[in-house]
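Visitor: Sequences are here, hints too, so could you generate the full structure?
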Amino acid sequence: MDAWDVASKVVYILAQSVNYSSDEEKQQGESDLGNRILRANTLLSLLDEWRSNTSIHFQPLPIAGPTNRAFKPLWIHPSAFGVSLQMHSMARILLLIHQPAAGGYLEYLGRDRAITECIDTIGGIALNLADDASRLMSTQCLYCAGLYCTNEVKRECIAELITEQTAHTGWPSNVDLADELRSEWSKQKPA
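Residue numbers for the sequence shown, in our numbering: 6 to 196.
Incorrect hints may appear among the rest.
To be verified - Quick list of in silico lysine-lysine cross-link-like pairs, DSS-like style, CA-CA up to 27 angstroms: (1) 31 - 194; (2) 14 - 31; (3) 77 - 159; (4) 192 - 31; (5) 159 - 194; (6) 159 - 192.
It should be emphasised that the hints constitute simulated quantities derived from the structure, not laboratory data.
Guide: Here is the structure:
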């Protein structure tokens with residue numbers, strides 16, 4: 006498989022992760038938690054295998070970026086490879102959020118760290134995307150990252166990045182995803 010084939014393979018794994026996170030699969034999994042945990046572990050293993058098969062093309066290149074942003078800039082060229090890493094991180098977030106946990110507080114802390122790393126990857130790559138196709142997919146990854154981000158500064162940066170990217174691509178035209186995220190965040194604030 007060449008690097009382009011590897012980059013496109015993550016789309017399938019992301020699709021399976023989105024299916025895993027659906028309400029239908031969660032309801033089916035309530036009657037068989039063991040199988041649901043096993044399915045998540047299988048998908049997480051596929052993500053790990055995918056990442057181990059990526060080449061140097063998927064490594065961030067050195068870049069001097071703004072120091073006043075919430076994320077460290079990550080530049081990956083071509084940008085399609087950067088977006089595939091964003092999709093990898095999005096899939097990981099979805100699986101870690103929706104997989105039943107039996108490991109207690111230590112498992113929670115490990116998942117929280119992994120989710121934070123995924124959010125940082127998505128945000129860092131989004132800072133340096135220039136083509137519309139990449140921005141279009143990146144917007145979806147940013148939205149997912151924003152749903153599970155708890156850091157206020159990173160949240161605002163995610164909303165700004167979504168606004169910038171939608172201004173360039175013109176999509177989606179009927180919904181302001183940044184405002185939708187802010188609405189979701191306002192529901193999470195303690196009363």
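Visitor: Of the hints given before, which are not true for this structure?
Guide: none
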